[in-house]
Amino acid sequence: MKNLKYLLVGTFFGLVLTKGEAISWYRMQEMFRFESFHMFGIFMTAIPVGALSLFIIRKFNLKTVNGSAIEMPKKVYHSGIIIGSLIFGFGWTLTGACPGPIYAQIGTGSLVTIATLLAALGGAFSYEYLKKYLPE
Amino acid sequence: MSILYLMEILYKPWPWYVAGPLIGITVPILLLLGNKKLGISSTLTQICAACIPSNITSLKYDWRKDSWNLLFVAGVFLGGFLGGYVFANPNPVELSASTIEFFKSHGLAHPQGLMPQELFNWASLFSIKGFLLMIAGGFMVGFGTRYARGCTSGHGILGLSALQWPSLAATASFFLGGILFCRFVLPYILDLH
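Line by line, the protein sequences give chains A and B. For the first sequence, my numbering gives the first residue as 1, with consecutive numbering after it. For the second sequence, my numbering gives the first residue as 1, with consecutive numbering after it.
With a straight-line Cα cutoff of 16 Å, these simulated EDC-like cross-link-like pairs (lysine to aspartate or glutamate) come out: (1) Lys129/B - Glu118/B; (2) Lys129/B - Asp191/B; (3) Lys60/B - Glu128/A; (4) Lys2/A - Asp66/B; (5) Lys104/B - Asp191/B; (6) Lys37/B - Asp66/B; (7) Lys12/B - Glu94/B; (8) Lys104/B - Glu118/B; (9) Lys5/A - Asp66/B; (10) Lys59/A - Glu71/A; (11) Lys37/B - Glu71/A.
Because the hints were derived from the structure by calculation, they are not lab data.
Use the sequences and the hints to build the structure in full.
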């Protein structure tokens, strides 16, 4: 099971999201209402740490633990970036969760969030189904 | 460091300056372990490809090749279980007074736990309000993130860390969507009976 390590990293990531209250419906509304620094503080420290580590990886041409090359992430622009993200933003307020926190919310014992996950799967499936009709 | 001190850290919520950097460090951990890119919304497509039989060509790919991310989100679930159930914070989320006031003015009880129980429960799922919050909301999260090819992790954390301008457009758009919806639509939904 060479992929088992990702279960561990995922557990770490989920624990941090949960303990940082980034999976809290309450915190999301507070963030969207600009009434606390908490969530902004999380983004404003997470991104520079990520950026600095990418810089170090590139600068020293670091390899993976198996010695293979590390590719830098590349994101391509298309009209779905704006339209899709706006739709996601609406859903983010309603559910109080982006995709990661949905899994963590279920883990905290809020089992009804399974309905949110199933609906999100329905949304992802509908996108694949409707893809050819959407501007891209 | 005593075991009691360690327990206290596990039960307490973590401040932003602890949670934020630890979220950021996940980016290089995944790259160094196996050139993997942080991104969660892709797992929604993965589960569709693995579980829903269909004739959609874009879902007919070998999802097993990227099965690492299914283990990753299984871990996120476990992390939620550890942080929010086993070591759940016994105290309510320390929200700002104005946010609590907003909730109260729309009929919500004083915050308890991470989610409002009175909105997110099985009975509420079959009311209009619960349907909008969980089903319509979940649908928009799934549809929107796949249309945008990424969510808060893939665009907001990884994409911005890699200075990708499409990710900046995505992050600005989902924040804008959230801010507008929270201001102008959510209050009406909370007022539904």
